[in-house]
Every structure is written in C-alpha cells, then in structure tokens.
Amino acid sequence: ELKVEQNPLFLSMQEGKNYTIYCNYSTTSDRLYWYRQDPGKSLESLFVLLSNGAVKQEGRLMASLDTKARLSTLHITAAVHDLSATYFCAVELEGNTGNQFYFGTGTSLTVIP
Amino acid sequence: GAVVSQHPSRVICKSGTSVKIECRSLDFQATTMFWYRQFPKQSLMLMATSNEGSKATYEQGVEKDKFLINHASLTLSTLTVTSAHPEDSSFYICSAKRTGVHHGYTFGSGTRLTVV
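Line by line, the protein sequences give chains Y and L. Take the first sequence: its letters are residues 1 to 113, numbered as in the working numbering. Take the second sequence: its letters are residues 1 to 116, numbered as in the working numbering.
Just chain Y, with the same shape it has in the complex:
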C-alpha cells in the first residue's frame, strides 16, 4: 500500500521567515504534484514535478523532487499571510485502470503577521 506522508502536519510561522515542508512516499514514482487548498475550497495546482532533480519556483514557493530518496520538498521563502492554507503533495502512479493520484496527509500552514 502506498503511503504519502507530509511533515509537519501543522506549521505556524511568522511573516518573513523561511520554512520547508517535506513529502515522503513509499513507492517508486517520478511524478509528484503540489496543491494548495483554502478552507472550504477545492485544490489549486501549484507545481508538477516530473523527473528526478526537478525544481520549480513560483513566487515565494519552490518545489523539488528527489525520486531516489522518494522525497519532495516545498520551500517557503519570506512567508506572507496570504500563504496561509493547507498544502498537499500527491504522487501519481500507474495502475491497471490508468494513472491514479495518492495524496499526502497535508500540511496546514498559518502565517502570523
């Protein structure tokens, strides 16, 4: 059974600080996605990482993928309040009926002014 674990589950940080969210998964995959979810809302796509060593950046967020370590990171630089949300990683696997997504446990981020 595939496990996708995120660390930490809850994160409270001050504005202006940096922090990293980790996503570990238990089986081989080279396709990893990051999403943001605001309360009561659906998912907003942040990054798609498709190969070992992939790094993508958008604004204050940067995501990377190490397929050998089965690890992805989401780094937050100089956090601002608007980044408060829940962040999910998701691993894409090939299945008998097509590809499937398995989501991580989620990281609830609160940025304090």
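Since the hints were made in silico from the structure, they are not lab data. Any given hint could be a false lead.
Distance condition first, Cα-Cα at most 27 Å in a straight line; then the derived DSSO-like pairs of lysine-lysine [claimed, not checked]:
hint : chain 1 : residue 1 : chain 2 : residue 2
1    : L       : K20       : L       : K66
2    : L       : K66       : Y       : K3
3    : Y       : K41       : L       : K20
4    : Y       : K41       : L       : K66
Following the hints, position chain L against chain Y.
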C-alpha cells in the same frame, strides 16, 4: 482552459435519501475521472476511478453499491450516494484527466454533502 464544473457545490439531504453529484469537463474530453472524499481537516482519499464507457474501479473499503459512479460520456461523470447516512457527510471532489495530455489533471470545485 481545462475547467471542471462540479455540481452542486453544497447539498443537505435527509438520511435514507440519495444524492447525485455531477462532474463535468467544460472544454476538454476526459477519458478518466476520479472521485475523492475529504473529511474535515483530513487529506483527500481516492474513492474510485471511472473510465468512460466502463465500470468504475473502487478503492478498497469503498462500497460500490453505496457510491454509484456513472461515466457515460467523455465530459460527464456522476457520483450517486445512495441511502445516505450522517457518516457520509463529507467534501467530495472530482478530478478529470485530459485525454491525450500527459499529467493533465483538473479538479472540480467540490461538493459539501451534509446528511441530517
């Protein structure tokens, strides 16, 4: 482009009744659609994968007779929660895979189901 419309966004129903949720890809064809359930402050759990024109594949522990999935066209999949009970109250989200587009997944806006 790549918009998925999910309807309704919120629904309240009485115990024992059935509720249908629609997931429609507006500007692309989706051979495969996925249905997820999310309980408060938890992650998204894959319930089933539906392929157009064939039976859905359910994840372990998901009752196929309770959660009926129909994917009759390339742009529409429906999830029907039959004989709903309060424990079925949850946030249901669909996702559509764009046919012929690698890694092209788009999520619907979600449906908040409350069973009273």
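### Message
For Y:K41 and L:K20, compute the direct alpha-carbon distance and say whether it is at most 27 Å.
### Response
20 Å, holds
#### Entry: 27 Å Cα cutoff - pair L:K66, Y:K3
26 Å, holds
### Query
Are the Cα positions of Y:K41 and L:K66 separated by 27 Å at most?
The hint holds at about 25 Å.
### Query
Does L:K20 pair with L:K66 here, judged by a C-alpha cut-off of 27 Å?
12 Å, holds
Going through the hint list in order, the structure satisfies each hint without exception.
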